[in-house]
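Respectively, the protein sequence lines represent chains A and B.
At the far end of the first sequence sits residue 398, using the working numbering, and the numbering has no gaps.
At the far end of the second sequence sits residue 676, using the working numbering, and the numbering has no gaps.
Simulated from the structure, these hints should not be mistaken for laboratory data.
Beta carbons: idealized from backbone N, C-alpha and C, even for Gly.
Keep in mind that the hints are not guaranteed to be accurate.
What the hints assert, rightly or not - Going by beta-carbon spacing under 10 angstroms, a handful of chain A positions derived as facing chain B: (1) E256; (2) R258; (3) K259; (4) F265; (5) V266; (6) S278; (7) E284; (8) N303; (9) L370; (10) L376; (11) V378; (12) D380; (13) S381; (14) E387; (15) W390; (16) F391.
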Amino acid sequence: MDADETAWERCSVVRVVPPVEPRKLAKVPFVELADGRLQGVVSSGSDIERVYVSSITAGTHALSCSTNNNRPCGALHGYACKHIRMLADEAVVQYGLDRVARYLRVEVPEGGSLMSQITGHVERTPAAVVFSRFLRHLAYLEVPDSTEPLAELHWFPATGEVR
Amino acid sequence: MLDVQLSELLGEAPAGAPEALDLVAGFDAALTNGLARLGEEPAAALAAMAGALAGTPVGERLAEAVDKVSAGSVADEHLAALAGGRAALFGAVHDALLARLDTALGRTRAPWEPAADAADPAKPADNLLAGCRIWLRELAIVGWRGVDHDLVSSADQTIEALLAVPELRGLAVLLDGLATELRASGPIATMERLPARRWADLWTRAMLLSQHGPWHHAAPEQVSGRLLILGADVHEHATVVRVQVHAILERNGEPGRLVRTSVAAAKVDTIVGPTVWQLLGGHPVLLAALAERRAVEITDMPLLPGGDLRWHDDRARAGEDADPFAIARVQLAATVAPAVTPLDRHPVRLAEVVLVEGYKSDGGSFDLGGNRIGLDLGRLPSSGPLTPALLKVSTACIGLVRWDGGQWSLQPLAVQATVKKQQVAAHNGDWALGPTDPKAAKAANKNGDVVAVLRERAGRLLRK
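Bound conformation, chain B alone (with noise of 0.2 angstroms):
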């Protein structure tokens, strides 16, 4: 990224952005408060944001929506219908920060396809699905204020069963998420200030997802050829480590592709820093590949309309030595990004892999050419050598653009950074192998191996 691209990017909110944001924060105060007895304000901030999509194809059954459960009848359409309200809104803020990013970096995005009638999926569990909306009702019911101890936990039966249903375990892990959240932050009624438009986010999307399960299934492609990694970005809750690998695909003849490839596993909370990589142990050729920064082969692996390659270790094998930032001076440029998934549309995934160089650092941001970008330090994962101390002294940075609570960010994935006279770079997927670093090493080692621990544990109790 360049000075005058960064400097296009930070320009001022795109049009209707701010005004759309506000029209959320009226729907995140009403779920704050619950919809059972909607006052004054909330009943009239609902009503301001169907006005604002009366003329969407949501509008009607939003405006119905609202009028229902202003007069106190909240059942599961109208929930829905909101719902679909707020994602439509973000949807249109999504789309407006990315065309900025793209236009901004010159890149070429393709567009969305429609599929052609894919052979509609296997209904996931309906039973399951409806055990979901039932919860969504209740905390929307009673808003986040009003949840309690055994509210949060009346969720534990229908996220055990979600988690057995590999096509449902994104909305498993969601409402994990939420419900970790929920109970670690009891007595919600008394909390001073409470995360607002985070909780009614992932709502809104646990609300769409349990209507007729996860859309992103329309038929795959099935691809071949050379896969050149440019970073991996770590997720993680209580439960849950996923590395989601962003790469260049390279087909004969084709310009590449930009593409995210990932694996996640579930654990507990005591299973942290560079342990997390043992959980993914199932996957070798991608560990070794993020550790060994080597370009990998893959054949006839599903790449999904949204760019998401389904990994399928045993159909890639290790190819060449690939340093990370060669790859992307010489080839990000010119690679097309992939179309984005329609009901995914949230600022939240804008991930844009962008290389930053000639900058000033002070450790916190990146000031290139006068124009400063702040650091994301909070989302660098500790099961990787990436510190704030590296960032300060480094010259290069492979990235994420990141977008959130109105301000654009920089989460690094990797950098080269000059320490002791020395040229050394650091990659998120550095450890995955297991940590190179004595310090780091030496720290895992000293609470044995957990994840044996807890294994032996399991194969003794849970089969009884």
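So here's chain A without its partners, still in its complex pose (with noise of 0.2 angstroms):
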């Protein structure tokens, strides 16, 4: 290990999440890499009150999609349907093409899309467990403001990307 890793470790404030871009919420609302899937929340575009979890598992590369009520997506049958594209699209603008094609264990050539690569077979996974993530997702909005010291947060500064 060189001089450089050491002093690294040997820092309090280091970046350890790399940054992720802004992107539109309207459609996918919400997106994540976790639990071995790239799994998120596709707003309907009929209905306002449905909504689809969508998911690819990383490395067999699964597709599930289907709404918060666990009523199986009516498009997805052999192939992706809109909504895991949506999903992956905003995924790529939100963590970057590199950072999403490594979890998933996808290769994906010079110039070439993430979707191109994904050949998975459909297999449901239930919607529940990242229905919940999403929204506890939402609940942080309902939090309360806090004027507390909180001396704590001298460990995370805000790390704008060097411009």
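Put the complex together from the two separate chains, hints included.
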């Protein structure tokens, strides 16, 4: 290990989580790389009350899409439905192609797209877990503000991308 | 800050500090591999830490804890003692660094006055704190290398519950930040390098906070007067944003006091850049004062002994124009700095406001009469107008002196610069009411109102 690495390991403030890029949230409000899947929530285009929970599993590239009430997406058979495609597109905006491809273990050729390399089968995974993670995500917006000193936050500087 | 002051600051490390930090590194290595099966080397490292602290008030408990842990028994009280020992080492390093800084700057600091029996604060939910300790104990037992997805997720419910308790917010954002980093780093077992110091810092602080909750709510003093803002420091991780304002509090006939005040809002990872200010809209007087560079008149606001003013927007009203550079030039040198809350003493919290002028800038460091201090460019928030390019052409800078990894650095909060023969000033808080730079405004608008989208979704889906 060289001196720089040792110095890095001996710093209190280093960036561990890569930054995410801002994106439009209207159609795909929630995307995450977690539980061994790219997973997220896609708002229905026709019914404001309905959302789809879509995912691509890392490694096997199994595809899943259903409503939050666990009704299978009618458009998913054999190949990815538009919800999964939108999810993948937004994930690439948010995390960058490299990070998504690495997580899913997909080889994307130079200039190629992520979805052109995903040829997984359909394998329904329960929507409830992802949907509840989405609700937990939304619940942050309802946590009241704090005016406590929060000295803990000195470990977490706002690290704007150096422009 | 003058060149002689910088020269004094940058001198050799305070006596004993490198040795203390080596002891910490030994502890951090032990925590990386876990306390369950403590090898010879980490066991020796813990014993060395206990040995160094033998003559201190934590000495006895620490020695016992190291004995027990080395013998394979890892109980809560032992972990608390270990955390206390590590925190004590950092406390000593912090004090040495702060003394160096105060001496170099000629800054007067108020002494810490032990609170006269502050009414015992309402004890926060014990079962919640116990839940935190269980998670922290599991982490310590398996070590960072042994942390898997299930262990990270097992903290979710505790964190959610903590977020609902206002006085435990610090612990909540701390654990949430740590859990997010652990999750994003998986599989940790095969990581090439680990942020060992950082994660052990977070673990230690969490361990201390989950004994009896936070320690900063000793009886506050109610203060009224004029608040002259020097600059805004922005803190952020995936689920929180906090703006901490550094200011001089003026009261009739008293020397000005350096104070901090802050507002924090919960958020999600997709709310980034200038958009974060929208989340702080519940504090309009403070945001307007930042954006319009005004003083603030405050009435009966609680000031904690550590120099933190607990912000109440309804007890503040905007005052006259107040240019932070003019204030810093005229008043900063004569102010009194606050005492440091004892359990907060860790070098990470060193953030002393200074004004620097007359330097040569290469965009990455300032050369002041042959002494060079690095600029902490990683701390330029994307929610404000400061850029390395602006720093390069800057002629004056208000910043925070910080210390990490054995080095001092300057975190810019505001600069004056000459751009196209025009004097310009840029402050971290300039965009508090929305970006004033057309390019930044356009970029922020491109994605629509993300906060409104998420609030709509929350309103429709959460209460079913």
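Checked hints:
| no. | hint | verdict |
| --- | --- | --- |
| 1 | E256 | 8 angstroms, holds |
| 2 | R258 | 6 angstroms, holds |
| 3 | K259 | 5 angstroms, holds |
| 4 | F265 | 8 angstroms, holds |
| 5 | V266 | 8 angstroms, holds |
| 6 | S278 | 8 angstroms, holds |
| 7 | E284 | 7 angstroms, holds |
| 8 | N303 | 8 angstroms, holds |
| 9 | L370 | 6 angstroms, holds |
| 10 | L376 | 5 angstroms, holds |
| 11 | V378 | 4 angstroms, holds |
| 12 | D380 | 5 angstroms, holds |
| 13 | S381 | 4 angstroms, holds |
| 14 | E387 | 4 angstroms, holds |
| 15 | W390 | 6 angstroms, holds |
| 16 | F391 | 4 angstroms, holds |
The structure fails none of the hints (numbered hints given earlier).
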